[in-house]
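Enquirer: With chain A's structure known, arrange chains B, C and D on it following the hints.
The listed protein sequences correspond, in order, to chains A, B, C and D.
Residue 469 in my numbering sits at position 469 of the first sequence, and the numbers go up by one each step.
Whatever position you read off the second sequence (first residue = 1), add 1000 for my numbering.
Whatever position you read off the third sequence (first residue = 1), add 2000 for my numbering.
Whatever position you read off the fourth sequence (first residue = 1), add 3000 for my numbering.
I should point out that these hints are in silico values taken from the structure, not numbers from a laboratory.
A few of these clues could be false.
BS3-like mimics (lysine-lysine), calculated; alpha carbons at most 30 Å apart, straight line [said to hold, decoys possible]: (1) B/K1057 to A/K29; (2) A/K303 to C/K2018; (3) A/K342 to C/K2018; (4) C/K2018 to A/K246; (5) D/K3290 to B/K1057; (6) A/K274 to C/K2018.
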Amino acid sequence: MTVTENPRTYKYVGTRPVRHDGLDKVTGKARFAADLDMTGQLRAALVRSPHAHARIVSIDTSKAEAMPGVKAVVTGADFADLDPTHPEFDMAVNLMARDEALYNGHVVAAVAAVTAAQAAAAAAAVEVDYEPLPAVLTIDEAIAEGAPIANPTNRTLFSGDTEPSNLASVNEFGRGDVEAGFEAADIILEREFRTVAVHQGYIEPHACVADCGQDGKATIWASSQGHFAVRSKTAAALGWSTDRIKVIPAEIGGGFGGKTTIYLEPVAVLLSQKAARPVKLVMSREEVLRATGPAPATKITAKMGATNDGEITTLQSTMYFDNGSTKGFSALTGAMSVASYKLPNLELHAIGTVTNTARSAAYRAPSAPQAAFAVETLIDELAQQLGVDPIDLRLQNAVVEGDVTAMSMPHPKIGFVETLEAIKNSDHYNSPVPQGAGRGVATGFWFNIGEQSSATVNLNEDGTATVVTGSPDIGGSRASMALMAAEELGLAVDRITPIVADTESVGFTDITEGSRATFATGMAVVNACRELIEQLKQRAATIKSVDVEQVEWVDGAAVIEGQDPLTIPEITAMAKNTGGPLTATASLNAAGAGPSFAVHVADVAVDEETGETTILRYTAAQDAGTAIHPSYVEGQIQGGSVQGIGWALNEEYIYDSDGVMENASFLDYRMPVASDLPMIDAIIVEVPNPSHPYGVRGVGETGIVPPIPTLANAIAAATGVRMTALPMSPPRLLAAITESAGS
Amino acid sequence: MPRTHVSCTVNGDEVDFLSSDETSLLNALRDELGLTGVKEGCGTGDCGACTILVDGKVNCACLMFAPEAEGSSILTVEGIAQGDQLHPVQQTFLEGAALQCGVCTPGFLVAAKALLDENSDPTETEIRYALAGNLCRCTGYDKIIRAVQEAAVQVNGASK
Amino acid sequence: MATVHLQADHRRFTGGEKTLQVDGSTVGDLITELERRYPGLGPLLTDGASVAINGELIPNGIFEKVDASTEVYFVAPISGG
Amino acid sequence: MAQYVTDFMRYAAPTTTDEAVELLQSDPDARVFAGATDLIPQIRAGRPEPSLLVDLKRIERLVAVSHNNGTWTVGAATPTSALTANPEFSAAFPGLSEASGLIGSDQIQNRSSWGGNLCNASPAADSVPALVVNDARAVIAGASGERTADVADIVTGPGETSLNDGEFIIEFLLDDPPAGSSDAYLRLIPRTEMDIAVVGAAVQLSMDGDSVASAKVALGAVAPTVVRVPDAEAALVGSTLDDDALAAAAAAASAACNPIDDKRGTIQYRRQVAGVLTKRAVQIAAQRAKGAN
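For reference, chain A alone in the conformation it holds in the complex:
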């Protein structure tokens, strides 16, 4: 369902064609990195630290090297020495420990052998002498007086401090005068919120194949969110120049931010170089959960003031985000995401901690869901205390164009009010709450980003087209690129073949992150198409012997007054007579990414004897700017919603007292299954982004922001119990209900 105020109508944009890569993906032909096999390929296995924190005294690889089938062993000593101030230092140390193992699961060595079984056997035979060191496992332990240092190379970012610290970053931002804001308030609410680490949970474990030749050049087949970043990060970790590395994108089986960094490729390249054979390295699910990208655990205190007429006067908040073993994902973005309300007085402290747990990575609207849990819970309580509709209270305080964000920058044209109204007018919100159930609403914001993209559009001799980009297709972006090209050229979408090209076949393109692919890479495609149209007009002018000024481009054809229009196939057929092939390339550093807002509503029933929560109905509205392929926009909204639902209800990293993850399997890391859920009704709101030719805003991330507070607020409505810690799993919820009944 689309609520649209978008006045423009398009021929192709906004339609729902079958995606171009779909057939390969429903027939099993699509090749993900783990599906690739090269001639002479070896299999690799990793040796991981059993300690949360230990000095690596020595590593003896001799037994492993002597084992059957073993062709190469590498350790930290084989990797480039990077200066700790190098921007890729933490990434490089995370993929292979040097002096210290910084978390349970930190890689300390790697082995390549003829078979996977031989590699695993040899990995088990690598002898590592560890001297265990005191480990810091939680935010509270990290910030405690006299805490041991979790990572001796960590320095607090931009502090100018030269001493090791357990703080990764300390930032403060705000405006106005919070004390005055509290004085002006009639109601003041204050709570502390806790969330634990959760995983992105992509179904495809990390995998790559590397083939390094005797010339010292390597080809990498990788499943990643950005193969140019795989190239640059691999080059940095190895101290190589980028021309020695070519990265070919395999299909990617989900990323959600977790595949914006790398874990395997430099290791595979070094093993391949040593063995002079291709090497395939694939993680097990246990390795993925133990040692790749959880989203940060948090501890957030938030204090909010409001007047009796519902004006939120102040927000004061301190947000701790745990980065894990090294600086992973910045706490800033989450803290900045408190941008949905006017908040004349704001004081935010965002502090990143370092602990001896797996290094955190970006996860869909990184850090915003945790921040929204705090802020949206307080706003819900405020609405409850004021006795006003929670959407009306938000409408009263909602930011509009020109209001400033938490980082003091004015919002461009945004659709928050429209998105709130979409839920307010929805069938769901206007239906009675089912007997015994509770209804919750909450909102989410994500600013989205632009960054660098390139695109080449080639017209073939029969007038079909190939659209070449460097953005991996995580969830239907090939189709979006083809739709925008179709709209520009006036060419049917099935006559366009969109491809994702390797690092040597298309211009540099940043990672598919920050909901940028359809926005920024799409803009590059549009620009290339427009350049191509200029060429087509020129060719038409040549064919018809008129001045190019007399040629107009209308609906896929060159129109010259008094003559029959010339279609693309007619022009391309004569390309060789008019100057050669028709091709155009565009590159850009996209500015003007449009912020996106989401509003969710859920009805839940809680079994107050067991603490089980059942979601009866769920509706999610989100401003997409313009939905290029509405099915995949809905898919992003629905998928983000369900990841947030999992985060809210059952997903959690459980560490024992030694820092070992106790639930490193899909059995006990409980992601939602189909029977846990109702349909997720997606409402697409379209308030076009004026900075994009088709009005696109990123849609990938915002959907994960509202679900946690939406469900917390619904549970509060159903039970009267305010949950301030995640997950709201049956044991925790029953304990809270029992405690509340007792008090």
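Expert: Structure of chains B, C and D alone, referenced to chain A:
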């Protein structure tokens, strides 16, 4: 290393392969027979990405030792289309945008086909429970459930 | 000359000043001038911040032209998932 | 992490119980399996390292289901999906059928078996409390021939059974439930599927009109082994399942728990929910038993 000779039928063809005894059927299908449409998401039977039919019944290929396949008939995602005619679930997944990254898709398609083979008119709840052994992290399941519902309509239409 | 808006955590360098008039014809010029006035602030603005000009985020925009009517915001670095 | 790191395993698929017994005698590190749904993840995690894998599914008796002279005989390796799909069996033992159907996804259901579920000796096995309240017996094969034991006596602790080296279960025996009786099984898992029970409660009741003639209550996942709850049974027998009797049974169930805090649930939670599920399972079993009159 002991290797066992295994004979079975895969996607309608009689095949033979040699397998070390502790190898999972998943590894044998992928590494020995090149059927990489069968995916490994967990290796412990918790995600369903390796779902195949063994004598018509859904199984996780990762939870079978390869020699167990002796004499059985196996169907993978590579074998569910009839020649150039996609199976209805393949067609409705495509048309209904029921896949995003596509890595869980083969397992879902096989499980959905098995469901419709046994029950061509399932309720939404029956579909959700029948597919509960298959994890998808991209779609939130909504479009997958709808695609199976639509495929059921097509299957019923064809059988009437 | 342009109007520069700083984040709260930049203001420890400026004695609390959050809005400044700064000479220069590009964003890079503004940063150089700010570093001259407030040693230590420069690196935060180049490596640690994104720049927004008249409300539009410009990644890596150090060569963007500014004039007396330009509002420049240095905001926390932005990335995504 | 360490996958298949040891000496290589061999696979054997005997077709008679005698062959299987012989194979097990030949190799002290041999291990029998049916569905392997627990065994393969355990091998992946590097735990047991059997040298010989003995697949029992090709022995006819182990996958046969029959009903003769008032006794059900169920092969120990019979896939649980074959039981839940058997209408006669499911009508006779609705609770046991449901418990069997809760072991994992449809994919797992085509592999999981009572023999495997019992001998894996997890305190949380879903089928075991339901087998116990139905007085199931196991026929066991070993070097000295066959013997029969109560299912309740097989598991002695987490991962531990009373089976001797080289023994395996051939089949289970269940007598037809008496008229006016039925069973129920409920479990608590955080999701709706794909989880291990945090608490399981099985109840078997015989009703005499509106009052309870006999009752059996067994709990899973709340102690090292499945526990019978005689105090709950005593509270129910003779009652009309009034609120007091139900509350007493629930309290007895909670009191009978000897749980641990772990990644799946807390002690307090398990105690509390054991009572709740017992009460609810009693009500379901009573309803069914009245219908069975």
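Enquirer: None of the hints should be skipped; say for each whether it holds.
Expert: Results for each hint:
With a C-alpha separation of about 23 Å, the suggested pair B/K1057 and A/K29 falls inside the 30 Å cut-off, and the hint holds. For a cut-off of 30 Å, the pair hint linking A/K303 to C/K2018 stands: about 24 Å separates their Cα positions. A hinted pair counts as satisfied when its Cα atoms are at most 30 Å apart, and A/K342 with C/K2018 qualifies at roughly 19 Å. For a cut-off of 30 Å, the pair hint linking C/K2018 to A/K246 is broken: about 46 Å separates their Cα positions.
Taking the CA atoms of D/K3290 and B/K1057, the gap is about 36 Å. The hint is violated against a cut of 30 Å. At roughly 55 Å between alpha-carbon atoms, A/K274 and C/K2018 are farther apart than 30 Å, so this suggested pair is violated.
Of the numbered hints given earlier, the model fails hints 4, 5, 6; all others are met.
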